[in-house]
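**Student:** Sequence:
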Amino acid sequence: MRLFLTLGAALVHLSLPVHAHEFWVAPLSHEVALGDEIALDLQVGQMFKGRSYPYLSHKFGRYQITDAAGVHDLIGKEGDTPSVVYDATVPGLHVIAYHALPEQLTYDAFQDFVDYVEEEGLNAIVGRHRARSLPEVGFTESYTRNAKALVQVGPASETDADYATGMDFELVALRNPYLAGNTLPVKLLWQGAPVPKAQVALFYRDGVEVERKTYQTNDAGVADIPLTGAGSYLLSAVHMEESAADNGAVWQSTWASLTFAISGSPLE
0 MRLFLTLGAA
10 LVHLSLPVHA
20 HEFWVAPLSH
30 EVALGDEIAL
40 DLQVGQMFKG
50 RSYPYLSHKF
60 GRYQITDAAG
70 VHDLIGKEGD
80 TPSVVYDATV
90 PGLHVIAYHA
100 LPEQLTYDAF
110 QDFVDYVEEE
120 GLNAIVGRHR
130 ARSLPEVGFT
140 ESYTRNAKAL
150 VQVGPASETD
160 ADYATGMDFE
170 LVALRNPYLA
180 GNTLPVKLLW
190 QGAPVPKAQV
200 ALFYRDGVEV
210 ERKTYQTNDA
220 GVADIPLTGA
230 GSYLLSAVHM
240 EESAADNGAV
250 WQSTWASLTF
260 AISGSPLE
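Take 0 as the starting number for the sequence shown in numbering that gives the first Met the number 0 and just add one per residue.
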């Protein structure tokens, strides 16, 4: 059965269209009581609508939680969905981080590549691609996913905080989103340094409908994300550079995502 699940998940992953870029950690509940279970689903898809991706240890380099007690590895069973289920024995904000191992994608149509980089606010990449005299079909991109989720265990507190987990590209919430507020400042980091003038996409789901908006980080690498009401939030950003690895790829992209949710009535 687990072999079937693993092969099925691989086929789902390979059958997704080029534009199905987002990969995120999707807790079944973002706010839980102390002692309850936290179930972590992994999702891959687009427009905050995805399919479950199972626990496959050969696909990631790190899958961890940071809480008030420290940093712990998240251990699941191969092929399981949700990927990990654990007991919430430590109160406060739990920061879940998933660092995937690199994978590759080969482009058969240049317009797919153009649409993708323009959607992610990386417009200069097309010109750089042509300046390097790279082919417009049959070229390969290596990509890596860095996904985070924030889960609140018990009442939220001002002392609860997101962390920079040390992934090479990540989004860090500068305040606890489970405390009342109309905006959430987030910092985008590349190898520990702030990334200025970069696009951060917001996917907001209130019930069934999903809304996508984009924002830009300031000179300090911070973007102020409006919190429009109760619902689920996914933030996503992409970094792309020329591939330095000897793996046949001409581009290396790194993805960062951050998820959280707000329950109750829309914020005032």
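Read the hints as simulated data drawn from the structure, not as lab findings. Using N, Cα and C, we set each Cβ at its ideal position, and we do this for glycine too. Possibly wrong hints are sitting among the right ones.
Stated by the list, open to error - Straight-line alpha carbon distances no greater than 25 Å define the calculated BS3-like cross-link-like pairs of lysine-lysine that follow:
| # | residue 1 | residue 2 |
| --- | --- | --- |
| 1 | 212 | 196 |
| 2 | 58 | 76 |
| 3 | 196 | 186 |
Stated by the list, open to error - Pair ranges (Cβ atoms, derived):
| # | residue 1 | residue 2 | range |
| --- | --- | --- | --- |
| 4 | 48 | 162 | 42 to 52 Å |
| 5 | 179 | 137 | 50 to 60 Å |
| 6 | 34 | 160 | 20 to 30 Å |
**Student:** Evaluate each hint against the coordinates.
**Tutor:** Status of each hint after checking the structure:
Distance hint between residue 212 and residue 196 is fulfilled; the C-alpha atoms sit about 16 Å from each other, no more than 25 Å. Only pairs whose Cα atoms come within 25 Å are accepted, and residue 58 paired with residue 76 is accepted, the gap being roughly 13 Å. Between residue 196 and residue 186 the CA atoms are separated by roughly 11 Å; this keeps the pair inside 25 Å, and the hint holds. Distance hint check for residue 48 and residue 162: the Cβ-Cβ separation is about 28 Å, which falls outside the suggested range of 42 to 52 Å.
Judged by the Cβ atoms, the range 50 to 60 Å given for residue 179 and residue 137 holds: they are separated by roughly 52 Å. At about 22 Å, the beta-carbon gap between residue 34 and residue 160 stays in the expected band of 20 to 30 Å.
In this structure, only the earlier hint numbered 4 is contradicted, and the remaining ones agree with it.
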